[in-house]
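Asks: What follows is the residue order along each chain.
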Amino acid sequence: MKTLIMKELREHALHLGLFIAAGVASVLMLAWFNQFDHETVLTLLFLFEAPLFTIMLGGHLVGAEVRTNTFPFLAALPLSRSAIWWGKAVAGLAICLTVYAAFAGLAWTAGIPELLLDFGMGNQTGGAEPWFQLRGYPFLTAGILLFGLPMALFAAAYWGTMLPNGLPVLETLVAVVALWLLWSGQALSALHLPLALGLLTIVFLASSWLTFRRGELMTGWRRAWWAIGSLAVGLGCAGLLWGALDGLADRRLPKGEMKELRVTDDGTSVLCAVETQAEWFDPLQGMGLRPWSTTDPDRTAHSRLLRLDPATGRFHQVGRRGLVCPEPSPDGKTLAAVALTSWPGLRTTPRLVLADPVTGDIRRVIDTNASPKGFLPDGRLLYERYVPGGGDLITTELCVYEPGSGSRGLFAIQQDRGGGLFPLALTCLDAVMVYTPDRAEPLLVALSTGRTASLPLPVFLHSPYQDEKLAILTAYNQPFHLVRPGAAPRVLTGLATDTEFLGRLPDGRLLVVMNATTTVDGFDLEGRVLGTFDADAGTCRPLAAFRNLRLNAMNTSLSGDGRTLLASMNSPGPGEAFLLDLETGRRQTVNLPTRSIRHLQPAGRRAFAVSFYEDLWRVDADTGAATRLVAVPSPF
Amino acid sequence: MDNTIAFTGLTKSFGRLPVLRQVGTTIGSGQVVGLFGRNGAGKTTLMRILYGMIGPDAGQASLLGLDPQAHPVEVRQRVGLVSEECHLYPWMDANALETFLAPLYPKWDRELFRRHLASMEVPPDRRVDALSRGTKRKLMLSLALAAQPEVLLLDEPLGGLDAVVREQIVTTLIHSLTDHGVTIFLSTHEIEQFAKVCDRVIILSHGGFLVDRETAALTDQVRRVTATLEHPVEAVPAHPQILSARAHGTQVEFVLNGFTQETADAILANWKVREVAVSGLTLPEIFIAFTAGKEEVS
Amino acid sequence: MIKVDETAPVPIYVQIVQGFKREILRGVFGPDHRLPSIRDLAVELKVNPNTIAKAYQEMETQGIIYFKRGQGAFVAPGTEEERMKEARTEIKRLFGEILAIARSLNLTDEQLQSLLNDLLAGRTHGPKARKEA
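Chains as they are written, first to last, in my numbering: chain A, 1161 to 1796; chain B, 1003 to 1300; chain C, 45 to 177.
Since the hints were derived computationally from the structure, they do not count as laboratory data. A couple of the hints might just be wrong.
Subject to a maximum C-alpha distance of 20 angstroms in a straight line, what follows is the list of computed PhoX-like cross-link-like pairs (lysine-lysine) [unchecked claim]:
hint : chain 1 : residue 1 : chain 2 : residue 2
1    : C       : K47       : C       : K112
2    : C       : K65       : C       : K136
3    : C       : K90       : B       : K1198
4    : C       : K65       : C       : K129
5    : B       : K1109     : A       : K1162
6    : B       : K1198     : C       : K47
A short list of chain A residues far from chain B (calculated; beta carbon distances all over 12 angstroms) [to be verified]:
hint : residue
7    : M1161
8    : M1166
9    : L1190
10   : L1239
11   : R1241
12   : A1338
13   : E1435
14   : P1490
15   : D1521
16   : I1522
17   : P1645
18   : P1666
19   : T1678
20   : T1744
21   : R1788
We treat Cβ as the ideally placed atom computed from N, Cα and C, and that holds for glycine.
With the hints as constraints, model all of the structure from the sequences given.
Replies: What follows is the structure, given as structure tokens:
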């Protein structure tokens, strides 16, 4: 067989020379027309010329033999058909990879600061932007271009020669043009390109080998049926393999990093957004997703949604991997999320969906290229939409979805490379507060009309508390602002910045934890006590019933019905965590582990969720029982 | 006789066209067998099946005891094939061809190759596409013989060549017969070229072997009977051994396959005969007698 | 010399045998004369050596030649009488063919006889005589 390879190389040495000469000539021509920048050079060489040459060579290897009628000679030699096939394949691949390497050298003269030599697994080195991020074209790595693509093209062209009369030139050109158009579109971004190219290459090579091995000479349509048939079978098998790998990867849960832990309803159910590493065989390896500023770029990582099953105490995946940005609805019956994948093993344009909160089944697709920003208390969903304009411009649009009526756009701006609006819903005003980079003040967008008005407030405020009557806004080290319907926003200068707003008591008063000075035995003691907030006055007053209760250095939380308070020291020793019945004043000790508490929050109406750094606990407001829900951040 | 070349029940159809129908024979070592058939009779198909290039629909073939489809490499290292069409790479010359082919054959003899090129006047450094048809054929024969095959399959080896080249090729074949004892199976539709060279003649017609006999026996056993009759006749009655017949006035003439005096007399008994003459036929005439009037489908 | 005509309706080996017989009769190959080797004759005549071998075999069977191991084939010494007998047989056969042709041309025996006499006369007198006849 070695002699056959040498003969093939001698036979096609002219091709090699011509291809390289053509590459050099075209680069020189670019220089002449002052277009000698690396983008253009690389596009011309690697996305047009080299694929064309590869296809020509692959088609020529067998097709030329048939057309010049030298194939009977080859077929009559003491060489097995397999040896002939291998000899041509090896020689052809060697030549076309040489062409690619020569082109890479040519391209290097055009100056690529960092030639990214990763092999298509999606890791990016350095912070430099890859040259192939051309106007929204999908990501393609140097590895794919240098190895995967030429091999796949060669294999396809080589296969084409199994058809009678080899591969006609016209169809070859059409194939190249079609390929070019595919790349211009977003079609290839749906695939894990290295895996797809690898499978395609193997299928084409296997099909052509099977066909070539048959004893018939290279004529006749029986051969064509064999080639097409075996190709179809091969593609079917590849597709099945793809689906199987997808299924396998979906069912496996390797260790991941928890991004978000949410306690839903009364704390028995926990929703966890986890970023897990994609496995090497996963067909959904991140390729070709343009990173939106608000969605997970999801390159080699996947997001999964996990739900703690209260019955078994184990985590189960909610829906397919690729569900990100979960937002549970207020009634707990729906989940809004962004779905990045579709079945099986294909990425899609990110879709905003409503899904079942337990199984993750997608019930409804609301919009594409959108991410949810939160449910309003009445069940409407607020979300942002991203529409790419020309170049790097993205139009971000604020929309609201109403079950039964559909979606409505409220407000839109155009930004360079996106950025988002950071919307904050203010239920008391039935409006959304948004921030745009060109303004110093936030904009208020009315939910019903879409009318905008400027708000005399500083930017980037968050809301520690809001309900239908008012909203408290603040930022770090900023004074509180009060927003109420029918009145202008007010700065609450009289309020200490470390005041905590807990929630409404059953009688409607707003409970806070405030600083107060009390006199005990003639001494003035600074302390943190319970109080109420007067919206009209804009100040807080301590609660008389609990003026002796010191809550210094304690985490506090008010139950959903406003009747019980949970208070705990940061690392509660015995007796340093307790429940307080606000009506009766009775205290009940809660046994929590002596570890640093990260966060306390109400869970449902009669329970609390206590987040430690290592795990999550639930405290029942009636019994005071503390149960460990789940270990964090590795719940597996 | 050993089974240097042996095949039985070979059947091949192209589409609905049956080309070979259950043909079979055995050829022993050192024999030279000529396969004669009209254009399109299926000679090339049979050669290709024997060489393992295509497979039969039914039947088996064996060369040197090996199935050519199951052991293509070994068979082709020991069996040479020269066909009428030149399929050599046009850009190669004899030297390049030797470089390419020599490693494929364990018994390749470089000296022998050069001697054949010299004796047949083939220039070693001229490209194939610059050679005349005859020189190409001689080159192909040299290549085949350089591998020192035990068997030679020749498909129309003298087709379209001038007399000088034919002579050179026949001489080379005779040499390879005397010096190397090679077994030759050749096919042609020009029978007179090989009358001197073939021990045995097989006539292929309509997919079957009409004749499979030693050359001398064939010439012996096929005779023409010419008779002058008393009265004119219209036609000669049919007889299984009559290959062709003619009646013209008082002259009748028929060709008998497997001539015996008794058979001739039996047929002549149909008429009153004045004169009878029995003569032999040349091989072309024998061939025509066997195959004339039956159009081959090609 | 031995010549072979592939277009003749006579088997090649028979032609070779006949050719040798003629040469022996003419005295070109004398008794114990060594015949050319099968190989050399095959190359010279462009005939399959098997056919040459068959011819030699046939001649040996007819007693015209004999083989000496390792040395080849030799003309068998035969009496003058045997040679003449064979010559006569051969001529008789040829005459027979001529006769058949003559009859088919409707020549009478007398016409044939007269022709023969003319030929014989011309032969003894040479070319000059032929002109006269």
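Asks: Next step is simple, just say for each hint if it's right about the structure.
Replies: Each hint tested on the structure:
1. K47/C - K112/C: Given pair K47/C, K112/C is violated - Cα atoms ~25 angstroms apart, limit 20 angstroms.
2. K65/C - K136/C: holds, 15 angstroms
3. K90/C - K1198/B: This hinted pair holds, its Cα atoms lying about 7 angstroms apart.
4. K65/C - K129/C: It holds: about 12 angstroms lies between the C-alpha atoms, which stays within 20 angstroms.
5. K1109/B - K1162/A: holds, 18 angstroms
6. K1198/B - K47/C: holds, 12 angstroms
7. M1161: violated, 9 angstroms
8. M1166: M1166/A not clear of chain B: closest Cβ-Cβ about 8 angstroms, inside 12 angstroms.
9. L1190: Per Cβ check, L1190/A is outside 12 angstroms of chain B; nearest 34 angstroms; holds.
10. L1239: violated, 7 angstroms
11. R1241: Non-interface label fails for R1241/A: nearest chain B Cβ at 8 angstroms, not farther than 12 angstroms.
12. A1338: holds, 34 angstroms
13. E1435: Its Cβ never comes within 12 angstroms of chain B, the nearest being 57 angstroms, so this holds.
14. P1490: The claim holds: P1490/A sits with its nearest Cβ about 74 angstroms from chain B, beyond 12 angstroms.
15. D1521: For D1521/A, whose nearest Cβ neighbour in chain B is about 55 angstroms away, the distance exceeds 12 angstroms, so it holds.
16. I1522: Its Cβ never comes within 12 angstroms of chain B, the nearest being 54 angstroms, so this holds.
17. P1645: holds, 88 angstroms
18. P1666: Nearest chain B Cβ is 93 angstroms from P1666/A, so the label holds.
19. T1678: Label holds. Min Cβ-Cβ 105 angstroms, cutoff 12 angstroms.
20. T1744: holds, 98 angstroms
21. R1788: holds, 72 angstroms
The structure fails to meet hints 1, 7, 8, 10 and 11 from the earlier list, while all remaining hints are met.
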